[in-house]
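If you're matching them up, the sequences are chains R and Y in order. Take 1 as the starting number for the first sequence in this note's numbering and just add one per residue. Take 1 as the starting number for the second sequence in this note's numbering and just add one per residue.
The set of hints was computed from the structure by calculation and includes no laboratory data. Worth double-checking, as some hints may not be accurate.
Said to hold, decoys possible - Pairs of lysine-lysine, BS3-like flavour, derived with a Cα cap of 30 Å:
1. K7(R) <-> K8(Y)
2. K3(R) <-> K137(R)
3. K82(Y) <-> K7(R)
4. K151(R) <-> K166(R)
5. K8(Y) <-> K137(R)
6. K175(Y) <-> K398(R)
7. K112(Y) <-> K323(R)
8. K73(Y) <-> K398(R)
9. K8(Y) <-> K3(R)
10. K63(Y) <-> K3(R)
11. K63(Y) <-> K323(R)
12. K130(Y) <-> K321(R)
13. K130(Y) <-> K210(R)
14. K15(R) <-> K119(Y)
15. K115(Y) <-> K568(R)
16. K206(R) <-> K238(R)
17. K3(R) <-> K121(Y)
18. K3(Y) <-> K321(R)
19. K690(R) <-> K17(R)
20. K3(Y) <-> K545(R)
21. K175(Y) <-> K323(R)
22. K321(R) <-> K121(Y)
23. K3(R) <-> K3(Y)
24. K136(Y) <-> K323(R)
25. K141(R) <-> K151(R)
26. K8(Y) <-> K398(R)
27. K3(R) <-> K73(Y)
28. K130(Y) <-> K115(Y)
29. K15(R) <-> K136(Y)
30. K130(Y) <-> K235(R)
31. K418(R) <-> K771(R)
As the list claims (entries may be wrong) - Stretch by stretch, here's where chain Y covers chain R in the computed footprint (C-beta under 8 Å, at least three residues):
32. 9-23
33. 312-319
Stated by the list, open to error - Quick list of simulated restraints, FRET-style, between CB atoms:
34. Q120(Y) <-> K15(R): 27 to 35 Å
35. D201(Y) <-> G699(R): 44 to 52 Å
36. M1(Y) <-> K15(R): 19 to 27 Å
37. C759(R) <-> E79(Y): 51 to 59 Å
38. Q223(Y) <-> N4(R): 58 to 66 Å
39. E17(Y) <-> L718(R): 23 to 31 Å
40. G144(Y) <-> V363(R): 26 to 34 Å
Idealized CB from N, CA, C, for every residue including glycine.
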Amino acid sequence: MLKNYIKIAWRNLWKSKGYSFLNIFGLAIGITCASLILLWVEDELSFNTNFQNQDLIYYLPTNQQYEGEWRTFYQSTPGPLAEAMKKEIPGIIGSSRSMGNQLLFTIDEKAIGRYGRFADPDFLSIFDLSFIEGNTKDAFKEVDAIVISKKTATALYGQGTSVLGKVIRVNNDTNYTISGVFKDLPNNVSYGFDWVAPFERFAADKDWMKEYGNNFSDTFVELSAEADFQVVDAKVRKMLPEKTEHEETYAFLHAMKDWHLRSNFEGGKNVGGQITYVRLFTLIAIIILVIACINFMNLSTARSERRANEVGVRKVLGSDKRKLISQFMTEAIITATLATLVSIILLWILVPQFNILVDKQLVLRLFNREHLVPLMAITIVCGLLAGWYPAFYLSSFKPVDVLKGTSVKQGGASLIRKGLVITQFTVSIVFIISTIIVYQQIKHVKDRDMGYSRELLVRMPVNGDVIKNFVPIKQDMIASGAIENVALNNSRILSGGNNGSGLQWQGGTDTEDVLISFRFVSSNFLETAGMEIVEGRGFSNSIAKDSTNTIITESFAKLMGQGSAVGKTITRGEIYTVIGVVKDFLYGDMYGTSDPVMFFNYNDYARYMYVKMKSDVAIDKTLAAMENVMKTHNPAFPFEFEFVDDAFNARFKSEKLVGNLSWIFALLTIIISCLGLFGLAAYTAEQRRKEIGVRKVLGSSVLGIVTLLSKDFVRLVLIALMLAGPLAWWVMRNWLQSFAYRIEINWWVFAIAGMVAICIALLTVSFQAVKAALSNPVKSLRTE
Amino acid sequence: MIKIQNLKKSFRTEEVETLALNDVNLNVASGEFVAIMGPSGCGKSTLLNIIGMLDNPTEGSYKFSDHEVGGLKERQRTELRKGNLGFVFQSFNLIDELTVYENVELPLIYLKMNKSERKQKVMAVLERMKIAHREKHFPQQLSGGQQQRVAISRAVVTNPKLILADEPTGNLDSKNGIEVMNLLTELNQEGTTIVMVTHSDRDSHYAHRIVNLFDGQIVTESQNRAMEARV
Numbered sequence: 001m002l003k004n005y006i007k008i009a010w011r012n013l014w015k016s017k018g019y020s021f022l023n024i025f026g027l028a029i030g031i032t033c034a035s036l037i038l039l040w041v042e043d044e045l046s047f048n049t050n051f052q053n054q055d056l057i058y059y060l061p062t063n064q065q066y067e068g069e070w071r072t073f074y075q076s077t078p079g080p081l082a083e084a085m086k087k088e089i090p091g092i093i094g095s096s097r098s099m100g101n102q103l104l105f106t107i108d109e110k111a112i113g114r115y116g117r118f119a120d121p122d123f124l125s126i127f128d129l130s131f132i133e134g135n136t137k138d139a140f141k142e143v144d145a146i147v148i149s150k151k152t153a154t155a156l157y158g159q160g161t162s163v164l165g166k167v168i169r170v171n172n173d174t175n176y177t178i179s180g181v182f183k184d185l186p187n188n189v190s191y192g193f194d195w196v197a198p199f200e201r202f203a204a205d206k207d208w209m210k211e212y213g214n215n216f217s218d219t220f221v222e223l224s225a226e227a228d229f230q231v232v233d234a235k236v237r238k239m240l241p242e243k244t245e246h247e248e249t250y251a252f253l254h255a256m257k258d259w260h261l262r263s264n265f266e267g268g269k270n271v272g273g274q275i276t277y278v279r280l281f282t283l284i285a286i287i288i289l290v291i292a293c294i295n296f297m298n299l300s301t302a303r304s305e306r307r308a309n310e311v312g313v314r315k316v317l318g319s320d321k322r323k324l325i326s327q328f329m330t331e332a333i334i335t336a337t338l339a340t341l342v343s344i345i346l347l348w349i350l351v352p353q354f355n356i357l358v359d360k361q362l363v364l365r366l367f368n369r370e371h372l373v374p375l376m377a378i379t380i381v382c383g384l385l386a387g388w389y390p391a392f393y394l395s396s397f398k399p400v401d402v403l404k405g406t407s408v409k410q411g412g413a414s415l416i417r418k419g420l421v422i423t424q425f426t427v428s429i430v431f432i433i434s435t436i437i438v439y440q441q442i443k444h445v446k447d448r449d450m451g452y453s454r455e456l457l458v459r460m461p462v463n464g465d466v467i468k469n470f471v472p473i474k475q476d477m478i479a480s481g482a483i484e485n486v487a488l489n490n491s492r493i494l495s496g497g498n499n500g501s502g503l504q505w506q507g508g509t510d511t512e513d514v515l516i517s518f519r520f521v522s523s524n525f526l527e528t529a530g531m532e533i534v535e536g537r538g539f540s541n542s543i544a545k546d547s548t549n550t551i552i553t554e555s556f557a558k559l560m561g562q563g564s565a566v567g568k569t570i571t572r573g574e575i576y577t578v579i580g581v582v583k584d585f586l587y588g589d590m591y592g593t594s595d596p597v598m599f600f601n602y603n604d605y606a607r608y609m610y611v612k613m614k615s616d617v618a619i620d621k622t623l624a625a626m627e628n629v630m631k632t633h634n635p636a637f638p639f640e641f642e643f644v645d646d647a648f649n650a651r652f653k654s655e656k657l658v659g660n661l662s663w664i665f666a667l668l669t670i671i672i673s674c675l676g677l678f679g680l681a682a683y684t685a686e687q688r689r690k691e692i693g694v695r696k697v698l699g700s701s702v703l704g705i706v707t708l709l710s711k712d713f714v715r716l717v718l719i720a721l722m723l724a725g726p727l728a729w730w731v732m733r734n735w736l737q738s739f740a741y742r743i744e745i746n747w748w749v750f751a752i753a754g755m756v757a758i759c760i761a762l763l764t765v766s767f768q769a770v771k772a773a774l775s776n777p778v779k780s781l782r783t784e
Numbered sequence: 001m002i003k004i005q006n007l008k009k010s011f012r013t014e015e016v017e018t019l020a021l022n023d024v025n026l027n028v029a030s031g032e033f034v035a036i037m038g039p040s041g042c043g044k045s046t047l048l049n050i051i052g053m054l055d056n057p058t059e060g061s062y063k064f065s066d067h068e069v070g071g072l073k074e075r076q077r078t079e080l081r082k083g084n085l086g087f088v089f090q091s092f093n094l095i096d097e098l099t100v101y102e103n104v105e106l107p108l109i110y111l112k113m114n115k116s117e118r119k120q121k122v123m124a125v126l127e128r129m130k131i132a133h134r135e136k137h138f139p140q141q142l143s144g145g146q147q148q149r150v151a152i153s154r155a156v157v158t159n160p161k162l163i164l165a166d167e168p169t170g171n172l173d174s175k176n177g178i179e180v181m182n183l184l185t186e187l188n189q190e191g192t193t194i195v196m197v198t199h200s201d202r203d204s205h206y207a208h209r210i211v212n213l214f215d216g217q218i219v220t221e222s223q224n225r226a227m228e229a230r231v
């Protein structure tokens, strides 16, 4: 029986190749798209799952209260906290301070930079590093120890060399002894690192790291399997206020499984994060599959007359309804299987492109159960979903009706078909509208006045002799003719950095708990970044002269009350005099408002050097000039740089991802919907061949007939537009709510989306309509 | 074999109720060849469909080999039909996607017969209908006469007790028509009961008995003299 079904299914597919193509290709696009999304979702969900004790590991963010509002900070625990927790809170069996850093490893002529972490010994067991050489217990026995990843070991010493005990030069000034090599971490971890070295040595000369007053460190803890999270978390929350006698800052436990997916906090409470997109995209994958299945349903029922005779004959010959249903279901599953085969080929081609788009390294592992089973499940679900309606519809034909040749009444079916087309276009239009709004929002933020100019501004790391040789570096760079200005900063211009509260200033009342950011810059930083001084002056070139002066942002000046802030004093340990006020600039959250800033003229904390290029010199020439200068004055370190503009764009990764995916989803749903529409239009044209013939004989113009055939479809798209408008408005309004700095939704977005949908639908349908209208009426009339 | 008493069949559309069959009484004995005649719309096809268990009567009784058929559910009718009844249609109603062999094989598959037995039966009937050389062809590659012979093969391959033919020669030229009628006569002579709906006087003369239907009622029944003479 099954053989008979398969045979007839195959012959049917083969006989009407055009429709089969539309069916299979439409489904294949749907399956491909859903598979790509699910690969992405799988990767998102798999973050940090490689760690053995993932359920017991926690990070400690802090909640801090400023001006009555709780804000959550990362890298903000004091140094002694880790050890104190392990000692005083039962249930915590491991704890570690940690700070990420980029180190330069040098062997002979070879120098490579690698990111890694300074951490306490517990770090190695918390993250369950598996050692290829060395072991967890002995790794940090010596104070000059460092453990490195396998790929770092290979990069430094080549394949297959034992590296245990080798001494390595770090940052051109310190020696470390390699005490272990650990297996490379996968890509999908929140905290990646290629080396780990003792925090002890890193903190040795930094006494401020040993007090409770400074919040700077990452802290990780591991709970025992028996520990009660609630109890431990409650104790952790009490610890900082007790130690510091300061109620406004406390640390809390953030579970490893939430690090990637739920990392957003508002008012000190977790408000989700990436999980929103994971859920959204999963939903979209399902929607796209349904859209693709709709095509199958529509084309199968529309063309049911061709099968009606077969249904009648089979019933007469002794088949019952159940058998016919399983026959048509089999056909649908066969079609879905073919579609899956096509989509495997498509995936094979598209996964690398998709990886570029979403910035991941996804791999389709077809022979792996984790991918094969879901793919098979998708195939069968698609088959069943696409097949059930046609199966029930076709199998309910009465042999008496169909065998007599009276045409099958399609009233109910054609109504459902219309409903399905409307559904498809509603979804398409929602995607089009969403795409436009997401791109508008991204552009809106990017065009925001940031208070400085990102253009041709380059950031370089400060290492080796950069601070010492800053003056000649600056002189030589400007002398090259390609550089306008060079300056130092202790913080990235785009990011938050040092900050603090408890300052006192003249003219202020009750403003002590305002969080103020501190920037330690060289004297010409403001000009280099293109910041605008609204009052007073910038720093002079003599550091000594301005060592007790400060420049503040406008929002800070406002805090200092009426009148000019210039000349007033601010106390932060020492007393600083305000010599200038600069326009507010944007850093940290690109959608929010940034905290007030206080600039100090001090080079020694510098971690970044900013270089403003001249716009009339070719960039490669400028870069060559810069490299040349750096080779002279900081020869031990490789020339590294990043355009601030690129770093800025990278800030919008998830918004960009939503925008790009939304655009692709829009495109694909439209393609799928149009494939279906194309098929339906062809069917309608075929159905009405005789009518068209008669009309032409009676004198109808080609345009008249095209209009006749297209009208009904355009009406469906219009209905879809009515439904999609409010739906898209609601969805996008919710999305926009998550941004403080956002656009208003404009009515013309809906108009454009509607126009696009109608044009595309019209184009699709009119192809068939014109073909039908141009055919010779004599031919179509003779066939009766 | 067939006992029909006071049979009524009405079709209801939104406003009008049409009485297609009105108080029909008809008995067909085993081994008979009955032709049903009458003008278009007189209800002959409706009667044939009810006899063929494709449709249920609205009122009255229809007994097939002493089984009451009126009021059976679709699945029960399908069960009773399987293997007992063969159908021959004016428009052949072969499945285009199946070959000659596969078309004839289909009823046997629904009877869950095993493959070798099926093959033997199909080949035997195709040989007999002189169409075996075409077994691998698809219906559309055959002439009308050949297609109808395939359809008859399919109707008789299960050795049914009753063959129902709905204008079996309607789409054929006279030569092929005569051939088909001769085949049916032959089957009848071997003991198969045949009920045939026809427009054609020529075809009706092959039957033992002619039933004339008009406006849903049997108006005359006549024994076929010519046939008797021939027998």
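Where does the structure disagree with the numbered hints, that is, which hint numbers, in rising order? Going through the list in order, the structure violates hints 1, 2, 5, 6, 9, 10, 12, 13, 15, 20, 21, 23, 30, 36, 38, 39, 40 and respects the others.
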